[in-house]
Amino acid sequence: MKKTNLIAVLALYAAPAFLHAQTTGYSDVVGYAKESLPAGQHFFSPSFLKAPVYTGTATLTGNSVSGLSLSGNLGQTTFSDRPNFPTHYLEITSGTYAGTYYDISSNTSSGVTLASTPQTSGAVTVVIRPHVTLGDVIKADSGIGEYSDSIAVYDKTGGFAAYYFAGGVVTADDFATEMSHVPVPPGNGVGINCGANLNITTVGTVRNKDLKVPVYPGAVNVVGAFNPSSAVKLTSTNLANELDAYSESVVLYNSSGNLGLVAIAYSDGANVTDDNFNAYNSTSSPSVSTKGSMLINAGSAKYITLPGAAQ
Amino acid sequence: MKKSNNKIHHIFSLTVALLLAEIPGAVAAISVTVASPNSSSGLIVKSDQVTINTSGFVRVGKLTTATPDATKNLPTFANYQYWDSIFVDVNSASGGGGITPSTWNFNSSGALSGSATGVSASTFPTSTQLWIWAFNFGSLTSGSTGGIPVFSSSDFGAGKITEWAIMSADEWIAPADNLAKSLVINQVGGDTVNRLIAGTDLGNNIAMIPEPSSYALLLSALGFMVLSRVGRLSKKIGGGRA
Chain G
1 MKKTNLIAVL ALYAAPAFLH AQTTGYSDVV GYAKESLPAG QHFFSPSFLK
51 APVYTGTATL TGNSVSGLSL SGNLGQTTFS DRPNFPTHYL EITSGTYAGT
101 YYDISSNTSS GVTLASTPQT SGAVTVVIRP HVTLGDVIKA DSGIGEYSDS
151 IAVYDKTGGF AAYYFAGGVV TADDFATEMS HVPVPPGNGV GINCGANLNI
201 TTVGTVRNKD LKVPVYPGAV NVVGAFNPSS AVKLTSTNLA NELDAYSESV
251 VLYNSSGNLG LVAIAYSDGA NVTDDNFNAY NSTSSPSVST KGSMLINAGS
301 AKYITLPGAA Q
Chain H
1 MKKSNNKIHH IFSLTVALLL AEIPGAVAAI SVTVASPNSS SGLIVKSDQV
51 TINTSGFVRV GKLTTATPDA TKNLPTFANY QYWDSIFVDV NSASGGGGIT
101 PSTWNFNSSG ALSGSATGVS ASTFPTSTQL WIWAFNFGSL TSGSTGGIPV
151 FSSSDFGAGK ITEWAIMSAD EWIAPADNLA KSLVINQVGG DTVNRLIAGT
201 DLGNNIAMIP EPSSYALLLS ALGFMVLSRV GRLSKKIGGG RA
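Listed in order, the protein sequences are those of chains G and H.
Residue 235 in our numbering sits at position 235 of the first sequence, with consecutive numbering throughout.
Residue 241 in our numbering sits at position 241 of the second sequence, with consecutive numbering throughout.
Derived from the structure by calculation, the hints contain no laboratory data.
Cβ atoms here follow ideal geometry from the backbone N, Cα and C, with glycine treated the same way.
Keep in mind that the hints are not guaranteed to be accurate.
[What the hints assert, rightly or not] Computed from the model, here is a short list of chain G residues facing chain H with C-beta under 10 Å: (1) Gln41; (2) Phe43; (3) Ser150; (4) Ala166; (5) Gly168; (6) Val169.
The whole structure should be built from the sequences, with the hints applied where relevant.
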């Protein structure tokens, strides 16, 4: 049950972006999607991005990025009474590492410091966007059950934190500390356990370029289709080349609320296969739904490429 | 030759499949949260409906029997031994694999919150019925190795354990791997199967039940209140016994 409204190819060039339009070479498509999640358990991934606050060229030196023109605080939140999280991330949009993204730790008016070091350096084109947060995804009108429905956000080590909804906001498990600022990194998903139907409306920019989502061994890697308009077949991804053959897997569940197993898929080094290592083709391939996610069982840290939705 | 290759491939595939079986997810753990921050979500209160704010804690876990003996509901040492023998806590020290929070001790407002993390999804598979066993005395040590106090007969009686509550609700079922479940106190009561083994449903709040002698007095008081109310109603409508 999905309603998607893509506002026809709106050029969203803000002034800085327009100045560097030649380096990005595409217009952003904006829209919204209403996803209905039946009562039960789900892995859900938002499929939109937020509009960029900077688009243009930059110079990478380690985890420092210079040559930017910025305003405002793009670093971590600065709460004193609750955990802080990144508010913005920088994505490289040119070269071999295009589609990789990095949280911003701090910034000046001309540069940012990243929380981790990109695998490339020198002149690149970049885009900086605010993170989508739990507060953007879960709102009072979504029908979420106060105190009862949970949202799980996964870390790199295999653990997760559970968040709830109380007093009209997303909270920690003390039901008092607001945690609406917890980011949901692009391409990532969350676990939702809801006692009644949940209606999630997400708004933003449709991604039209490939995105490289980092996954980690031992972690619960919830990776979405990142496409608000149509399901993504596994064979249309690069999983055949990105998964270690016969060992790393992708698990797909249904969206009916019972987490019924749809498929466990592998790679044989050239194809995406079923769990008997029979290659899928474009007809037989299972898909990641617009509101669903795939769980990647990674043996080593790596990137999974999500194809852009509106290329 | 092709057939032979296919056979080798098939055997290889089967071998790998067997090796990889049952590992669709990297981690198999759940979180269980107790949701009792205020009277809106529901509190566990003493039998006199006053909040518990000096000591007391909750155990959270599952029962090893689907048909617990509900007649053993009063807080005596003998009954404690019975429930303790069938209760598997989410805490590691009791087999559940999880780390429990200090916020499962009642705070100064009588509230409870917080999550046990890393609870074994194999010990608590999806749809396991979860229970809360609340005490008016004692405290949990948070962490994986601390945890559940072991009581002796001397811990029961005046100034120590005099009240408890044992409860569950239709909604309190363990989630799937890598998901969380919140146990909201106001969900207790009204189930088709009574899962308020020990306690009184006050609407949102649940009141503990006291030890036997006090429980008898409580029942007498409740009975008196009911009779008085019946008497008043009878007078009001001009009826009553002949």
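Each hint tested on the structure:
1. Gln41: holds, 5 Å
2. Phe43: Nearest chain H Cβ about 8 Å off; hint holds.
3. Ser150: Holds, about 4 Å.
4. Ala166: holds, 7 Å
5. Gly168: violated, 12 Å
6. Val169: violated, 14 Å
Comparing the model with each earlier hint shows violations of hints 5, 6; every other hint is respected.
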